[in-house]
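Residue numbers -21 to -1, 1 to 297, in mature numbering (1 follows the signal peptide of the UniProt record, and there is no 0), belong to the letters of the sequence shown in order.
Hints listed in this document are in silico derivations from the structure and should not be mistaken for laboratory results. Every clue listed holds true.
Label-pair distances were calculated between CB atoms; the ranges are:
1. Gly16 / Asp174: 51 to 59 Å
2. Met205 / Ala236: 14 to 22 Å
3. Ile11 / Ala250: 43 to 51 Å
4. Val51 / Ala252: 48 to 56 Å
5. Glu144 / Pro196: 14 to 22 Å
6. Arg225 / Gly16: 52 to 60 Å
7. Pro195 / Arg225: 32 to 40 Å
List of simulated lysine-lysine pairs, BS3-like, C-alpha gap at most 25 Å:
8. Lys55 / Lys12
9. Lys92 / Lys181
10. Lys133 / Lys92
11. Lys102 / Lys181
In this text, all values refer to a predicted model and were calculated from it rather than measured experimentally. The C-beta atom is built at its ideal place from N, Cα and C for all residues, glycine as well.
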Amino acid sequence: SLYYVFTVLFIYFTCISTVQTTDCLHLREQCIKAGNGCESVWNVVEDACNISVLGNRCKAEDTVGCNRKIQVLADKYPEFKNCVCTTDGICSITTLLGKWCSIDKENISMETKFQWGLSALSKQAHTTNRSCLDVNRECIEDEVCNKQLSLYLKVCSVNKKCNVEGCQAAIRFFYRNMPFEVAQMMIFCDCIQSDESCHRAKELLHGKPCAVTVVPPPSCLNVIHMCEENESCRKKYTTFRSKCWRHVTKKCYNDEACLETLIKDDMPCSASADCKAAYISSWGTMLHTECTCQNLPLVEQPLCELFHHMLHSKSCFS
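Can you build the whole structure from these sequences, using the hints too?
See below:
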């Protein structure tokens, strides 16, 4: 009927008008809600480009196949053309997800935050000395936690080649989108030495071995220096140090000669909620990597051991 044709044309030109926007996320939402087949094409793009895999959001493994699917999307739904294609007509996953790729990828996903609000775990108060096996079991039995844990483990699985950057990104997403109480429960859980099942659960929750264990292990000096060369990591380290180790920050700041004079036993940790939050924020960065002070020149040992104490000491959280 004439009314039907007018309605279709109205919807079409409404979509075309969105060409003026470069907000691909907005177009994606329109596509999913349109009910005109766009959603199924988008799902094919997601699968081809690994969009739903945490840590790979802007790094498609098969870029040729990914770009081909994006071109199909743009050809079939012209509203995407200005959004997904560069001037030479070659589409790219980075352009398609321009906003996702350009903003800080660690910003809290409102959808995920809302889901966590429905979790029974988010209502629990954090208690110390929880068994990692019990914590892991509770997470699996909770629908929201189990879903988020599954996404994280999919990237950090030991059954395939470890993608360190992808696993670290998944850890950041997993822990920073959950309620603070739940993050504390998981990160500060522990095991008695003889409980192998508990230790396996702890490794799963804490990103081992993929995001944490490097062979051979780097020196703690190298870990700190590499972190300081990375803007995002440097900010997290600065916050962690100022919230947890105020004595160090106040007296020495970045002066390594001064730091060498400090004795770790005389370094009180604040152990405040802000300190714990800063520590949790450092997970999924190179600061979380297991490091060593072995085989270093004697002159470098004191500073290295100081850094090891700051990064891996339980004194802040026990």
